[in-house]
Each structure stands twice: as structure tokens, then as C-alpha cells.
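**Student:** Counted the way our numbering counts, the sequence shown spans residues 1052 to 1340.
Note that these hints are calculated values from the structure, not bench results.
Backbone N, C-alpha and C fix where the C-beta goes; we use that ideal spot for every residue, glycine too.
Since no wrong hints were added, every one of them can be taken at face value.
Label-pair distances were calculated between CB atoms; the ranges are:
no. : residue 1 : residue 2 : range
1   : P1318     : K1085     : 27 to 33 angstroms
2   : V1340     : T1069     : 32 to 38 angstroms
3   : T1287     : D1208     : 34 to 40 angstroms
4   : R1303     : E1193     : 45 to 51 angstroms
5   : G1242     : V1338     : 50 to 56 angstroms
6   : E1193     : G1147     : 28 to 34 angstroms
7   : G1311     : E1214     : 48 to 54 angstroms
8   : R1303     : K1085     : 22 to 28 angstroms
9   : R1078     : A1213     : 46 to 52 angstroms
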Amino acid sequence: MTTSDAGLVVVDKPGGMTSHDVVSRVRRLAGTRKVGHAGTLDPMATGVLVLGVNRATRLLGHLMLTEKAYDATIRLGVATTTDDAEGEVTASVSAGGLDEATIRAAAAEFVGDLQQVPTAVSAIKVDGKRAYQRVRDGEDVELKARPVTVHELAVHDVRPGAETVDLDVSLRCTSGTYVRAIARDLGARLGVGGHLTALRRTAVGPYGLDAAHTLDELADDFTMMPIAEAVRAAFTSRDLDEAQAADVRVGRALDLDLAGLTAVFSPEGEFLALYEPRGDIAKAVAVFV
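Generate coordinates for the entire structure from the input sequences, incorporating the hints supplied.
**Tutor:** This is the structure:
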């Protein structure tokens, strides 16, 4: 691989590593410092982490606005400081009396447009300082609710225990949705508390586990999705003629009718830029050549 190569690396992140740990590993494997990721995964979480290499790092800000999909296990009956299994228990209320129909009905209320208060140990900045750092420093953190959308939440299995109930769910949601907060709020809705015991991200936009590689696999055979292929999977695409491609290379506006953010390509299939409609013309958002 040369430093001029650019593309996406879709990693199946293992548990116990931070997203930054994964970036550091891929920097060494790719032989370049220009590596970034689209959307943090908690150390406890596993699954799809999309990384950009070289010029493709400039795509990541656009890719973060896509929907994401998760598989998760929620434990009802126990609340924690972090809304997941890594936090300290703050309350335990027996969930043994909850029946499956009640749990499923409550879970269904978390589908649609929601006002969600992020978990207190999120990376959101409060007066210039990360919320999780304020919590670690012993401060009380109250974050404001923000709009998120859960497109789908399916409850697959409900496993009652003596005092707790575990449920396996899958969901599709907008970027910025905290699955931990759904576990917390579902537990609160049912009056018993709740937290997340497992989280696996199965997709970020069009990039799913079927395109992901473990770090061990990448160490044996470093595999990168070429930038043109990655872009065609994520954006509406338009193939240009030679004259239009020449205009794009110098960032000129185009006389094109676009429906929204669009990836434009040369006649040879080279990815050139992202363009968006501005009135009756199309203007460059980011040029990659």
C-alpha cells in the first residue's frame, strides 16, 4: 500500500478496545497516520467500526449522518451509573413480576421520533469538558434531551430470571442514538431500572458485518474498500462526461439537476467529488482529486 491509496476499512471491533485503539492498530497496518473513524463504539461494544484511510478520512463527516443498526441485550431490574454493565449498580428492583407482553408493549413505545437524554458518561462536551470526564471527577452531569429516531426495535427473546429479565433486541436508529439510554429508559418505564449487558453494531449505513474484518484478519491480509466502491455504496452517484469532470477537478459549479448530496465520477469511474444542489445548479461540497 502506498500513501496515495485511499479507502475505507470496515473493522469488526472486539470488546475491550476503544475506537482509538483500533485506529492506532490500523495506522500501523496501513502505514499511514491519516486514519480516522466514523462514530465511536464503547469499549464494551463489538461490531462495525468504519475507518477512513488517507483521503477517505474526509468522507467520514458525511458518513456519520447515516443510520446504524445494533444487536443488544438489556437487563431489567438493575440500574447502573453508566447504563451498562461496566458501571456501578445504583438500584435493584425485582423484575420477576413483569410478564412478556408488558415488556414487549413498553419496548414498542421506543420506536419513532424520540427526545432522548444521552447517558451521563457520553463523550458529549459540557462547557468544553467531556461528560464522562465530569462524571469520573465526581460531578453531577445533566445532559439535555436531543432528538433521535428509532426506525425499528425488535424484541427477539425474553429470558426471565428470579429477580431480573434479559431481553435480546435489534434496532435501527439514527446516528447519535444511545442504545444504553434506551435500556435505561425502558427500565424506568417499567419501574424496575435497566442497563445494557451486551452491544454489537451490525451496520453503519450501507456497511455491515458482511464487509467487516477482524484486526487479526487485517494483520494477515490488510484489506481496504477502494474509495470509489465505498462511495457508490453510500451515496447517490452520477457519472460525468469529460468536460464536466474537468470542471469538477477545479471545483466549478455544474449545470446538473441533483436530488441531494451526490457523488460524481469521471467517465473512467474515478471518484471525483461530492456535490449538492444549490438552486438551479450543483456546487461542490468536497473535491477529492
